[in-house]
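Note that the protein sequences, when read in sequence, are chains A and B.
Residue 67 is where the first sequence starts when you use this note's numbering, and the numbers rise one by one after that.
Residue 610 is where the second sequence starts when you use this note's numbering, and the numbers rise one by one after that.
Don't read these hints as lab results, they were simulated from the structure.
These figures come from a predicted structure and were not determined experimentally.
For every residue, glycine included, the Cβ atom is placed at its ideal position computed from N, Cα and C.
One or more of the hints may lead you astray.
To be verified - Computed list of lysine-lysine pairs in DSBU-like fashion (alpha-carbon distance at most 30 angstroms, straight line):
id, chain 1, residue 1, chain 2, residue 2
1, A, Lys155, B, Lys775
2, B, Lys769, A, Lys142
3, A, Lys145, B, Lys766
4, B, Lys859, A, Lys142
5, A, Lys159, B, Lys775
6, B, Lys847, A, Lys142
7, A, Lys170, B, Lys653
8, B, Lys775, A, Lys154
9, A, Lys154, B, Lys847
10, B, Lys847, A, Lys158
11, B, Lys847, A, Lys92
12, A, Lys145, B, Lys847
13, A, Lys145, A, Lys158
14, A, Lys170, B, Lys774
15, B, Lys766, A, Lys159
Said to hold, decoys possible - Cβ-to-Cβ under 10 angstroms is the rule here; a few derived chain B residues that face chain A:
id, residue
16, Asp758
17, Ser760
18, Leu761
19, Ala765
20, Lys766
21, Lys769
22, Lys774
23, Ile779
24, Pro782
25, Gln783
26, Phe840
27, Glu853
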Amino acid sequence: MIRNLSKSFNDTIVFQDFSLDIGFGKIYCILGPSGCGKTTLLRMIAELETYDKGSIDLRGKSVSYIFQESRLLPWKTVKSNLELVCSKKEMKKIDEYLEIMELKDYSNSYPRELSGGMKQRVSIIRAFIYSHDILLMDEPFQALDIKLKEKLLKEVYILHKEVNNTIISVTHDIEEALFLGDEIIMLSQKPGEIIDRITIDIPREKRANNKEISFLKEKILKF
Amino acid sequence: MKDFIIRNKKITLLISIFIFIIIWQVLSMLFNPLIIPSPMETTKTLFILMYKREFWMDIIISMGRGLLGFLLAVIIGTPLGFFMGLREEIETFFHPFLVLAQTAPTVSWLILGWLWFGTGDGAAAIFIIFIIVIPFIIVNVMQGTKQLDISLMEMAKVYKLPLGKKIFHIYIPQIFPYFMAGCSIGSGLTWKGVAMAELLTARTGIGAAMGVARINLEIGQVFVWTGILVFLGHGFSKLVKHIEVTVTRKWW
Chain A
67 MIRNLSKSFN DTIVFQDFSL DIGFGKIYCI LGPSGCGKTT LLRMIAELET
117 YDKGSIDLRG KSVSYIFQES RLLPWKTVKS NLELVCSKKE MKKIDEYLEI
167 MELKDYSNSY PRELSGGMKQ RVSIIRAFIY SHDILLMDEP FQALDIKLKE
217 KLLKEVYILH KEVNNTIISV THDIEEALFL GDEIIMLSQK PGEIIDRITI
267 DIPREKRANN KEISFLKEKI LKF
Chain B
610 MKDFIIRNKK ITLLISIFIF IIIWQVLSML FNPLIIPSPM ETTKTLFILM
660 YKREFWMDII ISMGRGLLGF LLAVIIGTPL GFFMGLREEI ETFFHPFLVL
710 AQTAPTVSWL ILGWLWFGTG DGAAAIFIIF IIVIPFIIVN VMQGTKQLDI
760 SLMEMAKVYK LPLGKKIFHI YIPQIFPYFM AGCSIGSGLT WKGVAMAELL
810 TARTGIGAAM GVARINLEIG QVFVWTGILV FLGHGFSKLV KHIEVTVTRK
860 WW
């Protein structure tokens, strides 16, 4: 999917001849240290950033995106924010998604009336309700507390099962990657290279306090 | 508490108007009525004028010219300011014209308007109002466009929002407060411009009527027309403010 990609900012080389293949319908977690180019990679996939060389071929698949911040329109209610990205057919699902995310009572609230976690939940609904094949997630839970983060990760997984999309999530949080990912792709410092790909076959409900997961965590920490 | 403050504000305003009338009355007693007519005399002149058809016609004509000049400035200035804010090369291209409109003295435009459009139908007055107001609309809309939140534009790009949705739901709500600030300044200048332009370039309208009153030494009429211009300017500013508050409350 990504072939021989090169990207630099002024004199800093972020990626050089970087290639990555992914299958569809799975959750990929890209794990790497801060500043290794994870966000840049997602932005290039979403065409928000140009690259110097190489190619990104999504084979006609459409993309949705959960940003680090909620990026909701402050002058629109929760429901209007969601309606903005929906086709008429998808609008019917808004209430259902609000129900899943426990936001039904807030559909007519403005973003300023919501907490940080609630706003991020709205942005998750927006990303899922928008018809897409690949969902890009750029550390959307980093500013949230652990409990809320766990809850949202579970909700993301439920929604993923429902829509059967491909998720590429970037994070520097090992726990998050170990919970969410079907596969963990580990990136090095700049210029970003894949240093390992770890497939996790354990079902999500059995990942808590699992020996194999603890072993994988140890392994990742050694890098 | 809020009611008390509002009531207090109204009382202060009434006291201020009352003191203004007292000072006016005292000054009219100190000077010749040809220089300062009393408030009572001015009111009498107002009532005399109100019975004349031309009085209302002059007000309607001036209002029409003021609104037309203002609307032309808004219609042309808004997209111009938007594209100047969006693309640097467009801003650079139009910059000299903007500087010219901003810095050339109004009196130069008055003379040019008079020479280009002549006197009579008020085209010169409309042109002058347009040229006075348009820089404020352009600069404010341009500023608003430059302040557009890039993160929201990226969101719109990712979700492939069509241009119409982008303009209506993302651009306009962000630019609107800046646009209204430009309109607010422009609305104040419109009525000053109307009177000044009509005085020198038109045969009808408030400014022209003030010119006739000056020649006939009808100082009371000058006072009446000044009061009407203040009323028009204040009313128009209030209307602009009302639109701003109503729409902003809906969006923000």
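Hint by hint, here is what the structure shows:
no.	hint	in the structure
1	A:Lys155 - B:Lys775	holds, 21 angstroms
2	B:Lys769 - A:Lys142	holds, 18 angstroms
3	A:Lys145 - B:Lys766	holds, 20 angstroms
4	B:Lys859 - A:Lys142	holds, 9 angstroms
5	A:Lys159 - B:Lys775	holds, 23 angstroms
6	B:Lys847 - A:Lys142	holds, 27 angstroms
7	A:Lys170 - B:Lys653	violated, 65 angstroms
8	B:Lys775 - A:Lys154	holds, 18 angstroms
9	A:Lys154 - B:Lys847	violated, 40 angstroms
10	B:Lys847 - A:Lys158	violated, 43 angstroms
11	B:Lys847 - A:Lys92	violated, 59 angstroms
12	A:Lys145 - B:Lys847	violated, 33 angstroms
13	A:Lys145 - A:Lys158	holds, 11 angstroms
14	A:Lys170 - B:Lys774	holds, 25 angstroms
15	B:Lys766 - A:Lys159	holds, 22 angstroms
16	Asp758	holds, 9 angstroms
17	Ser760	holds, 5 angstroms
18	Leu761	holds, 6 angstroms
19	Ala765	holds, 9 angstroms
20	Lys766	holds, 7 angstroms
21	Lys769	holds, 8 angstroms
22	Lys774	holds, 7 angstroms
23	Ile779	holds, 7 angstroms
24	Pro782	holds, 5 angstroms
25	Gln783	holds, 9 angstroms
26	Phe840	violated, 34 angstroms
27	Glu853	violated, 14 angstroms
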